[in-house]
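Student: Build out the structure end to end from the sequences listed, making use of the hints.
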Amino acid sequence: MKFLFDIFPVILFFAAFKGAEYFPDGALSLASSFMGDGVTATTAPVFIATVTAILATILQVGWLKLKGAKVEPMLWISLAVIVVFGGLTLWLKNEMFIKWKPTILYWIFAAVLGYGAYSGRSFIRMLMKDAVEMPDAAWMKLQWMWIVFFIVVGILNLVVAYLCSTDVWVNFKLFGLISLTLIFTIAAAVWMTKQAPGRQN
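Residue 9 is where the sequence shown starts when you use the working numbering, and the numbers rise one by one after that.
Hints are computed from structural coordinates only; laboratory data are not their basis. The beta carbon of each residue, even a glycine, is placed where N, CA and C say it ideally should be. Each hint should be verified, as a subset may be incorrect.
As the list claims (entries may be wrong) - Straight line, CA to CA, 20 angstroms or less: simulated SDA-like cross-link-like pairs of lysine to any residue: (1) K26 - L36; (2) K26 - Y126; (3) K78 - P143; (4) K101 - L36; (5) K149 - C172; (6) K26 - L98; (7) K75 - V59; (8) K10 - K73; (9) K26 - V176; (10) K149 - T193; (11) K78 - F131; (12) K10 - Y126; (13) K26 - K149; (14) K202 - V140; (15) K10 - E29; (16) K149 - Y123; (17) K202 - A139; (18) K10 - L98; (19) K75 - F13; (20) K73 - I15; (21) K26 - V59.
Unchecked claim - Restraint-style ranges between C-beta atoms, simulated for each label pair: (22) S41 - V140: 45 to 53 angstroms; (23) I19 - A119: 23 to 31 angstroms; (24) W84 - G44: 17 to 25 angstroms; (25) L190 - W152: 17 to 25 angstroms; (26) F42 - V140: 43 to 51 angstroms; (27) G184 - T50: 40 to 48 angstroms; (28) V176 - P143: 38 to 46 angstroms; (29) G27 - L171: 22 to 30 angstroms; (30) A77 - S41: 18 to 26 angstroms; (31) G76 - A49: 38 to 46 angstroms; (32) F183 - P143: 19 to 27 angstroms; (33) M136 - I163: 20 to 28 angstroms.
Tutor: Structural data, given as C-alpha cells:
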C-alpha cells in the first residue's frame with residue numbers, strides 16, 4: 009500500500025494524460041480555460057496531467073498531515089520540485105520543464121547522498137538501520153550504488169524526453185522509471201542480505 013501511495017501522483021499523471029488524449033476537444037477546452045491562449049490539442053494533455061500531479065502531491069502531504077503521520081523528507085522534496093517545475097510548465101506553456109522534473113528529483117537525491125558519502129555519513133543506513141545489520145563499509149558502498157543509480161536514471165529520463173514523443177515519455181515515466189527502480193531495489197536488497205555478518209564468504 010505504501011508503494012502505491014508513493015507513486016500516486018505518477019499514476020494520476022499518466023491517467024490524466026491518457027484521458028486527455030482520448031478526449032482531445034474536451035482537453036483543449038479545459039486546458040484553455042485555465043491557461044488561456046497558446047494551448048494546442050497536442051500540448052493540452054501534458055498541461056492537464058501536470059496540474060493533476062501537482063494537486064495529487066499536495067493531497068499526499070495534506071493527507072499525511074491530517075492523519076498526524078510524519079511527512080518524509082523525500083516527499084517534501086518531491087512536492088517542492090513538482091510545484092516549481094510543474095508551475096514553470098504551466099506558466100511558460102513549455103512541457104520540457106515537467107519532463108525535467110524526474111531528472112531534477114533524482115539528481116537532488118544523488119546530491120544529498122553524495123554529500124553524506126563525502127562527509128562520512130551513510131544516510132541510507134539512517135533510513136534502513138532496522139532492516140539489516142551490515143558493516144560500515146557495506147553501508148557506504150550501498151550509498152554509492154544508489155548515487156550512481158539516481159544519476160544514470162536521471163540521464164536516461166532526459167534521453168527519452170528529448171529523443172522520443174511526449175506520449176512515449178509519459179509511458180516511460182510510469183512503467184520504465186518505476187520498473188527500473190523496483191529492479192534496482194530488489195537487487196540492492198539481495199546484495200544487502202549477502203553483506204550481513206555470517207553471510208559473507
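Student: Each hint: holds or not?
Tutor: Evaluation of the provided hints:
1. Proposed proximity of K26 and L36 is supported: the alpha carbons are some 13 angstroms apart, at most 20 angstroms.
2. In summary, the hint linking K26 to Y126 is not supported, as the alpha carbons are separated by about 43 angstroms, beyond the 20 angstroms threshold.
3. With a C-alpha separation of about 29 angstroms, the suggested pairing of K78 with P143 is violated against the 20 angstroms cut-off.
4. The straight-line distance between the Cα atoms of K101 and L36 is roughly 13 angstroms, inside the 20 angstroms bound, and the hint therefore holds.
5. Only pairs whose Cα atoms come within 20 angstroms are accepted, and K149 paired with C172 is rejected, the gap being roughly 34 angstroms.
6. At most 20 angstroms may separate the alpha-carbon atoms for a hinted pair to count; K26 and L98 meet this at roughly 18 angstroms.
7. Our distance criterion of 20 angstroms between C-alpha atoms is broken by K75 and V59, whose separation comes to about 24 angstroms.
8. Distance restraint check for K10 and K73: the Cα-Cα separation of roughly 16 angstroms lies within the 20 angstroms cut-off, and the hinted pair is therefore satisfied.
9. Proximity of K26 to V176 is assessed by CA-CA distance (about 11 angstroms); at most 20 angstroms being required, the pair is judged to hold.
10. A distance of roughly 14 angstroms separates the Cα atoms of K149 and T193; the hinted pair therefore holds under the 20 angstroms criterion.
11. This hinted pair checks out: K78 and F131 have alpha carbons roughly 18 angstroms apart, not beyond 20 angstroms.
12. Using a Cα cut-off of 20 angstroms, the hinted pair K10 and Y126 is violated, with the two alpha carbons roughly 31 angstroms apart.
13. Distance check on the hinted pair: K26 and K149 sit about 40 angstroms apart at the alpha-carbon level, beyond 20 angstroms; violated.
14. For the hint pairing K202 with V140, the CA-to-CA distance comes to about 10 angstroms; that is within 20 angstroms, so the pair holds.
15. Of the supplied pair hints, the one linking K10 and E29 is violated, its CA atoms being roughly 29 angstroms apart against a limit of 20 angstroms.
16. Between K149 and Y123, the direct Cα distance comes to roughly 14 angstroms. Compliance with the 20 angstroms bound is thereby established for this hinted pair.
17. Distance restraint check for K202 and A139: the Cα-Cα separation of roughly 13 angstroms lies within the 20 angstroms cut-off, and the hinted pair is therefore satisfied.
18. Proposed proximity of K10 and L98 is contradicted: the alpha carbons are some 29 angstroms apart, above 20 angstroms.
19. For the suggested pair K75 and F13, the alpha carbons sit about 14 angstroms apart, so the restraint of at most 20 angstroms is met.
20. Our distance criterion of 20 angstroms between C-alpha atoms is met by K73 and I15, whose separation comes to about 18 angstroms.
21. As the CA atoms of K26 and V59 are separated by approximately 14 angstroms, the hinted pair is consistent with the 20 angstroms bound.
22. Checked against the hint of 45 to 53 angstroms, the pair S41 and V140 passes, with Cβ atoms roughly 52 angstroms apart.
23. The hinted range of 23 to 31 angstroms is satisfied by I19 and A119, whose Cβ atoms lie roughly 27 angstroms apart.
24. Restraint check, W84 to G44: a C-beta distance of roughly 31 angstroms breaks the suggested window 17 to 25 angstroms.
25. The hint said 17 to 25 angstroms for the Cβ distance between L190 and W152, and at roughly 20 angstroms that hint holds.
26. Checked against the hint of 43 to 51 angstroms, the pair F42 and V140 passes, with Cβ atoms roughly 48 angstroms apart.
27. In this structure the supplied range 40 to 48 angstroms is violated for G184 paired with T50, their Cβ-Cβ distance being about 22 angstroms.
28. A C-beta distance of roughly 43 angstroms is found between V176 and P143, which places it inside the suggested range of 38 to 46 angstroms.
29. Between G27 and L171 the Cβ separation comes to about 25 angstroms, which falls inside the hinted range of 22 to 30 angstroms.
30. For A77 and S41, the Cβ-Cβ distance of about 35 angstroms falls outside the hinted range of 18 to 26 angstroms, so the restraint is violated.
31. Look at G76 against A49: about 44 angstroms separates their beta carbons, and that is inside 38 to 46 angstroms.
32. Range check, F183 to P143: Cβ separation about 36 angstroms, and the 19 to 27 angstroms hint is violated.
33. Checked against the hint of 20 to 28 angstroms, the pair M136 and I163 passes, with Cβ atoms roughly 26 angstroms apart.
Hints 2, 3, 5, 7, 12, 13, 15, 18, 24, 27, 30 and 32 from the earlier list are contradicted by this structure; the remaining hints agree with it.
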